[in-house]
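**Student:** Here is what each chain is made of, one letter per residue.
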Amino acid sequence: GNSVTQMEGPVTLSEEAFLTINCTYTATGYPSLFWYVQYPGEGLQLLLKATKADDKGSNKGFEATYRKETTSFHLEKGSVQVSDSAVYFCASVMNYGGSQGNLIFGKGTKLSVKP
Amino acid sequence: DSGVTQTPKHLITATGQRVTLRCSPRSGDLSVYWYQQSLDQGLQFLIQYYNGEERAKGNILERFSAQQFPDLHSELNLSSLELGDSALYFCASSVAQGLAGETQYFGPGTRLLVL
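Protein sequence lines, in the order shown, are assigned to chains A and B.
FYI, the numbering used here numbers position 7 of the first sequence as 281, with every residue one higher than the one before it.
FYI, the numbering used here numbers position 12 of the second sequence as 14, with every residue one higher than the one before it.
One should not assume that every hint holds.
Partner residues aside, some chain B positions facing chain A, computed with beta carbon under 8 Å [to be verified]: (1) 45; (2) 92; (3) 103.
These are computed hints drawn from the structure, not numbers from a lab.
Cβ atoms here follow ideal geometry from the backbone N, Cα and C, with glycine treated the same way.
Bound-form chain A, shown alone:
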């Protein structure tokens, strides 16, 4: 079945460090891919998305590129801030047919950024 695997956390970085959170997917077909972020005590917010191979999603300095050949959608940011501390979820959804429109989530990666 379809699934999403992301790197285990927690990840602790110093302010201005480079961030990578790995995400890979398995799917029968070509899904759309998402990164959601959950700040402490809040719901999930869409961070970025990509709907087809080679698309790059970007928002607030975060980027992720849909790589069909490696079935990956790694999240990157060049210089993290303390305010980026949150839990990050990679997710997929199928694009067509009788497939369900529900999101399939990875387990989440907790990021802590120290000043």
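Chain A is fixed; fit chain B onto it per the hints.
**Tutor:** The following block gives chain B in isolation, referenced to the frame of chain A:
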């Protein structure tokens, strides 16, 4: 603020009881999704309604049921509650059926504690 509202924010109840969680989607959105977030299972899809009809079902227990009303708000009913049902329940909405990269917008969640 995503525009999706959920009530109540917190719910504490006892085993064997029944509770109802309520969700109002963003204005104009036709689909409502319910997700459960727990420490051991992560974020799991429960059920989706589209324009009043059940559209997709995930790992939803038989003790749980949902419906979407003509005004498009949705309710998730949890009965014969067990300790293991303690979790954060999220509602999300999207403009159509949720395929082809359509964004799902999440509410702030209802935190359920079963004692």
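**Student:** Are the hints correct? Go through all of them and say.
**Tutor:** Status of each hint after checking the structure:
no.: 1; hint: 45; verdict: 4 Å, holds
no.: 2; hint: 92; verdict: 6 Å, holds
no.: 3; hint: 103; verdict: 3 Å, holds
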